[in-house]
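Participant: Build the complex from these two chains, which are given one at a time in their own frames, with help from the hints.
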Amino acid sequence: GDSVTQMEGPVTLSEEAFLTINCTYTATGYPSLFWYVQYPGEGLQLLLKATKADDKGSNKGFEATYRKETTSFHLEKGSVQVSDSAVYFCAPQNSGGYQKVTFGTGTKLQVIP
Amino acid sequence: DAGVIQSPRHEVTEMGQEVTLRCKPISGHNSLFWYRQTMMRGLELLIYFNNNVPIDDSGMPEDRFSAKMPNASFSTLKIQPSEPRDSAVYFCASIQGRSNQPQHFGDGTRLSIL
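Protein sequence lines, in the order shown, are assigned to chains S and G.
Take the first sequence: its position 102, counting from 1, is numbered 248 in this note's numbering, and each next residue is one higher.
Take the second sequence: its position 100, counting from 1, is numbered 206 in this note's numbering, and each next residue is one higher.
Careful: at least some of the hints might be erroneous.
Label pairs and their in silico Cβ distance ranges [claimed, not checked]:
1) M121(G) with L159(S): 38 to 48 Å
2) A108(G) with T166(S): 45 to 55 Å
3) D200(S) with P187(G): 26 to 36 Å
Only pairs whose alpha carbons sit at most 30 Å apart, straight line, appear in this in silico DSS-like list of lysine-lysine [claimed, not checked]:
4) K184(G) with K246(S)
5) K246(S) with K202(S)
6) K246(S) with K130(G)
7) K198(S) with K254(S)
Treat the hints as calculated values from the structure; they're not laboratory data.
Virtual Cβ for every residue (Gly too), placed ideally from N, Cα, C.
For reference, chain G alone in the conformation it holds in the complex (with noise of 0.2 Å):
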């Protein structure tokens, strides 16, 4: 079974540019996690969906910060306009709908804010 897709898996851009995320989570998934991994603050949850739907995006740092869940099968984690700090590592994982079922997370994509 194909895991946790996510794209690009390293994207480098200047400061101001609009940054798209992209994520595929695994087939009959039905909770998506986008986190970020940084050397100073560890892996941080910025926003959860359950069945399509945001419940919790209190870890989304900024307004310039936005993430989509249009399908089952997609989720997007915009960034605009993108600052040097943003410069991290950014994770997506899909669960199966049961609390004692680990996340599956997607190898990440590297992204470079210059």
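Extracted from the complex, chain S is given alone in its bound form (with noise of 0.2 Å):
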């Protein structure tokens, strides 16, 4: 079956810190990948997505390639802000009728001043 993998945290890098969170997954087909995050006493929403092999997703200075060939889709971003702590779940969605989401099991990331 589907899988992801994700760098387990908690994750603790100061303001303006250099931030990767790696991703890798197993999906049958091709998937849709996408990046969530989930603040303190929120649902999960959506950072960024990429919906075909090296498309960029990026927002909010957060940045995920689609690397089909290493099925990998790692979060970067290159200074981080305390605003920034939160938890981010890695998730390839199927594509097809049936829009099952792998979720990862989520990395927290704490940022300190």
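Facilitator: Given below as structure tokens:
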């Protein structure tokens, strides 16, 4: 079945540090790839997405590139802020009729001033 | 536009009681998902509806759990009887019917069974 491997957290960084959260996946077919973010007390919300190989998704300074050859979708940000403290989920989503999403375990990021 | 609306936001009840969680998806979304989130297991898919029909309920943990979607704008997740191990945050999410669209999550119901 489909699966996602995310780097385990928590990840603690100082403000303005560089962030990488690794994500690799296995999936049947050609999935769309998503990163979701969850702030305390809230549901998950879309951070960015990529729908085909070599696409780069970006939002709020975060970026991730769809690497089909390595089945990876690593999340990066050049300079994190305290407000980026949250849990991040990598999520491939089936193409076709059943849009099942396989969520990773989530990586908790804590940014300290 | 209103997002996915879940109620109640918090529920505390005693073991053995019936619990009903409610969800209103985004208008025009034709797929709905119920998830459970715990520290131990992370985010688990419980059930998936498409056009109000249950398509995948393989994640429903036991017969004590049931879910319905009587129309396109309302779904319920019921636990009867509830047990302390059901304590978790339950999320509802909806999606428009194309595979490259993201899921939209509600803010969840935090359920505590004493």
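Participant: Work down the list of hints and note, for each, if the structure agrees.
Facilitator: Status of each hint after checking the structure:
1. Between M121(G) and L159(S) the C-beta distance comes to about 42 Å, which sits within the given range of 38 to 48 Å.
2. About 36 Å separates the C-beta atoms of A108(G) and T166(S), a value inconsistent with the hinted range of 45 to 55 Å.
3. Take D200(S) and P187(G): their Cβ atoms lie about 52 Å apart, and the range 26 to 36 Å is violated.
4. Straight-line distance between C-alpha atoms of K184(G) and K246(S) comes to about 22 Å, which keeps the hinted pair within the 30 Å bound.
5. The straight-line distance between the Cα atoms of K246(S) and K202(S) is roughly 22 Å, inside the 30 Å bound, and the hint therefore holds.
6. At roughly 20 Å between alpha-carbon atoms, K246(S) and K130(G) fall within 30 Å of each other, so this suggested pair holds.
7. Among the hinted pairs, K198(S) with K254(S) is consistent with the structure: their alpha-carbon atoms are about 27 Å apart, no more than 30 Å.
Taken one by one, the earlier hints fail for this structure at numbers 2, 3, listed in ascending order.
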